[in-house]
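Novice: In order, the protein sequence lines correspond to chains A and B. Under this note's numbering, the residue at position 308 of the first sequence is numbered 308, and the numbers go up by one with no gaps. Under this note's numbering, the residue at position 42 of the second sequence is numbered 402, and the numbers go up by one with no gaps.
Worth flagging that the hints you see were computed from the coordinates, not collected in a lab. These figures come from a predicted structure and were not determined experimentally. Glycine included, every Cβ here is placed at the ideal spot set by N, Cα and C. Don't take every hint at face value.
[What the hints assert, rightly or not] Computed far set for chain A versus chain B, every beta-carbon distance over 10 Å:
no., residue
1, R127
2, G186
3, Y276
4, W298
[Claimed, not checked] Restraint ranges, calculated between C-beta atoms of paired labels, are given here:
no., chain 1, residue 1, chain 2, residue 2, range
5, B, P393, A, G186, 51 to 59 Å
6, B, P393, A, R344, 15 to 23 Å
7, A, T5, B, L698, 25 to 33 Å
8, B, A378, A, Q238, 43 to 51 Å
9, A, E358, B, E462, 50 to 58 Å
10, A, D2, B, M361, 38 to 46 Å
11, B, G571, A, R344, 44 to 52 Å
12, B, E462, A, L338, 32 to 40 Å
13, B, R401, A, G59, 35 to 43 Å
Number of protein chains: 2
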Amino acid sequence: MDRLTVLYHIDSPQDEIAARAAALAVEQSVEMPVEAIAEARIHREVVGRVLDISPAEEGGFLVRIGLALETTGNDVGQLINILFGNSSIQDHVRLLDAEFPEALLGRYAGPRFGVEGLRQRAQAWNRPLTASAIKPLGLSAQDLAGLCKSFAEAGIDIIKDDHGMGDQSYAPFKERVVACQKAVAGSATLYAPHLTGGPKALAEQMEIVEGEGVGMVMMSPMLLGLPVVQEMIAQRLQVPVLAHPAMAGASRIAPPLLLGKLFRLIGADAVVYPNYGGRFGYSPQTCKELVQAAKTEWGGFKSALPVPAGGMNLARIPEMLDFYGQDVMLLIGGALLLAKENLRQEAGKFVAAVAAKEAS
Amino acid sequence: MDRLTVLYHIDSPQDEIAARAAALAVEQSVEMPVEAIAEARIHREVVGRVLDISPAEEGGFLVRIGLALETTGNDVGQLINILFGNSSIQDHVRLLDAEFPEALLGRYAGPRFGVEGLRQRAQAWNRPLTASAIKPLGLSAQDLAGLCKSFAEAGIDIIKDDHGMGDQSYAPFKERVVACQKAVAGSATLYAPHLTGGPKALAEQMEIVEGEGVGMVMMSPMLLGLPVVQEMIAQRLQVPVLAHPAMAGASRIAPPLLLGKLFRLIGADAVVYPNYGGRFGYSPQTCKELVQAAKTEWGGFKSALPVPAGGMNLARIPEMLDFYGQDVMLLIGGALLLAKENLRQEAGKFVAAVAAKEAS
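Just chain A, same shape as in the assembly (with noise of 0.2 Å):
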C-alpha cells in the first residue's frame, strides 16, 4: 500500500518523544484512540506509523511518519491537511519535509510551461530572467502602465504586480490589466496581474487577462487556497503562473516543501521567495535547498523556475548569479523605483547587468 513519509520537528524532552510522535501520526491520520478501532484493516491500512525517531542537530527530534497516500483523496488541500492541519495548531511540531509516492505524484501535472517555456516566451535561453514589479498600491492604473513602458523599454523580461494589488479603487483590475498590457504590448516583456477573490472573481478576472492577451499571471496560494489555484492551473489557465508566497507564514512549514514542492505539484512555472540577505528571514540554505526541490527530477514534472526577491538591488546581481547561475529569474522592485525619473536607465542597468552574464 501507498504511504506518503512524511518529516516532522518535534520539541519535546527525550522521555517523551516516543510518545508525542506516536501521537503525531495518529493525529494527522484517524485523529482518535487507537483503542476504539476494531477494524484490523484500518490499523494496517490508515493509522499512521512512526518510521524512526532521531535527535535533530538544533535539538528537539527528527521523526518520520508513513502516512497512508488514499487519506489525501485526490485534492491538494487534503494533502496539505493530512500532511499538516491539526499538527500545525501544536506548536511543538514543525513539517520539514514529505516524501511523495509516484501513485501521488501521477495525479497532479506540475509547471505547464516550467523553466524552459519560460525561456522560451522570454526568448531568452542563455541567460537568468529578469523582473520587476509595478508600485506602489495607490497609483492610478495610468501610473502603473508607465512604469510598465519603461521596464519593457528596458529589457525586463516579466513585470508583476505589486502582491498587494487586487480590486482596489486606486486601480481597478480591468482598467489596470487594460493598460498595463497595452504597455507592454509589441515588447517580449510579460505583464503578469495579481489574481485575486472568491472563484468568481477569479473567473471574471480571467476573461479580460484572455481577452486582453495577457501573457502571465501571478497568484499567491496561500491567500487564494491551494486547491482553486490547483483547479485554474490544471483546468483554465492558458498562460505561466508565477506564483507568490504571501501568508506563507515563516516558522512552521519548511519552505523548500511548501515554495519548492507543493507549489510546484499543483503547476507553479516559477516561485518567488525571500532571497537571503534581504528583508526576510531565510538562509542561504534554505534558498539552496528550495531551489532543488523546484528543480530536481520528480514526478516527470517541469522544473520551476527560482525567483529569488525581498529587497534586492543592482549591486548584488553578481553575487546572486554566483550563487544561482543561469536558471534563475531576477526581481528587482522598490530598488529600480528609487531612481525616479531614471526608471527607464536604471532598469536598463539590469537588463545589461544580466545579459553580461549570458552564457556563451
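Keeping the supplied structure of chain A fixed, place chain B upon it in accordance with the hints.
Specialist: Okay, now just chain B, sitting in the frame of chain A:
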C-alpha cells in the same frame, strides 16, 4: 479616511524597534522605499503608519499600525494579505489583533444563522448544544452512517465529519452524505459533511448537500482559502456553516483574531477550536478571548457559536459548562467512540449531562 488598526508583536532589541515598526508599516502597505514615492496623496493616504509602540509583558514590543481600508479592496483574501501577507514570512513578527472600521464591516454579512439560528434548528433554547464526529478515516459510508444513527438516537444535536474526510475511496463524498443524512433523517440531529476541494468539486458537493436536504456543512477556511469560503457563504449556501481550524497554525496569528473575528466576518455560524487542557496548546485566556471575539457585539453581525474541542470527554463537561456558560457547543469525538458497542449509551450520557444544565 478609514484605517484598519492592526496590533503586532515584534521581537526586537530596544534600539531597533522604531525602525522595525516603520519597516513593518511599509511592508504591509506600499512595500517599497517610501523615498521613491513622489505622490503626496500616497504618503498621506496609503502608506501605513506606526500609531504606537509599547513594551510587551512577555518581552518584545506591541506595535499598533494604521493601514488604509481601501488597500483591502473588497476581498477577504486581500484583507488578510494586507494584515499579514509578507510579514507572515518574517519570523520576528506576530499578528495579534485588528480593529476594523465600520465601512469594512459593512461589506461583510457575518453569520447568517449564528447562535440563535443554530438553537432554533436544534430546538435547544436553554442549554449548550452537543456535537460529535464520525471517524476514523477508513470506515465505509455504511459504517459511518451507523455511527450517525447511534448519535442521533442518543439526541446529539450536531454530527460532523472528521475533518480528514474529503472524497476518499473509503467513503466517497456522495455515498457518505447520502447514507449519513438518511441516518439522521426524522430526528432533530443535523449532519455536517466536510466540503473540500477546488471550486468545481465544491459546486458538485453543494448539489449533493442540497439534493439530500443536509442541514449543515463544515468547511476549513485555511485549507479552502478564505475568499472561496466567503463567496460560498454569501452567494450559495442555504445551511449553517461549522468552521474547522485545520491549517490555522499555532504561533503566528492570534487565534481570537483568525478564528473568532475573521471566520465570523466571512460567515461561520459555529467555530471549532482546540479547548484548553486537551491535545493542543491554547490557554484558557486564549479560549476566553476567542469566545469574546466570536460573540461580542460587532458590526451588527450575529454571534458565532464557540465549539471547544480536541480531546474532550464526559468528565470535563461540568468544568467546561462553568467556563463557557450556556452559549457553547460541546464537541466530544474520540472519547465517545471508545465506548465501542456501547456508543449509543455513552452518547446518551453526554446528552443527559448537558441537558441537566438546562437553565430554567
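Novice: Look at each hint and say if it fits the structure.
Specialist: Against the structure, the hints:
Against the 10 Å criterion, R127/A stays outside the reach of chain B, whose nearest CB is about 26 Å from its own CB. The claim that G186/A is not at the interface with chain B holds, since no C-beta of that chain comes within 10 Å of its own (minimum 27 Å). Every beta carbon of chain B lies more than 10 Å from that of Y276/A, the smallest distance being close to 13 Å; the non-interface claim holds. The Cβ of W298/A lies farther than 10 Å from every Cβ of chain B, with a closest approach of about 22 Å, so its non-interface assignment holds.
Checked against the hint of 51 to 59 Å, the pair P393/B and G186/A fails, with Cβ atoms roughly 31 Å apart. Between P393/B and R344/A the C-beta distance comes to about 18 Å, which sits within the given range of 15 to 23 Å. A hinted range of 25 to 33 Å for the beta carbons of T5/A and L698/B is consistent with their spacing of about 30 Å. For A378/B and Q238/A, the Cβ-Cβ distance of about 48 Å falls inside the hinted range of 43 to 51 Å, so the restraint holds.
Between E358/A and E462/B the beta carbon distance is about 56 Å. The supplied range of 50 to 58 Å therefore holds. Separated by about 55 Å at the C-beta atoms, D2/A and M361/B break the suggested range of 38 to 46 Å. One distance hint, 44 to 52 Å for the beta-carbon pair G571/B and R344/A, is violated here, with the actual separation near 59 Å. At roughly 37 Å, the beta-carbon separation of E462/B and L338/A lies within the given 32 to 40 Å, and the hint holds.
For R401/B and G59/A, the Cβ-Cβ distance of about 51 Å falls outside the hinted range of 35 to 43 Å, so the restraint is violated.
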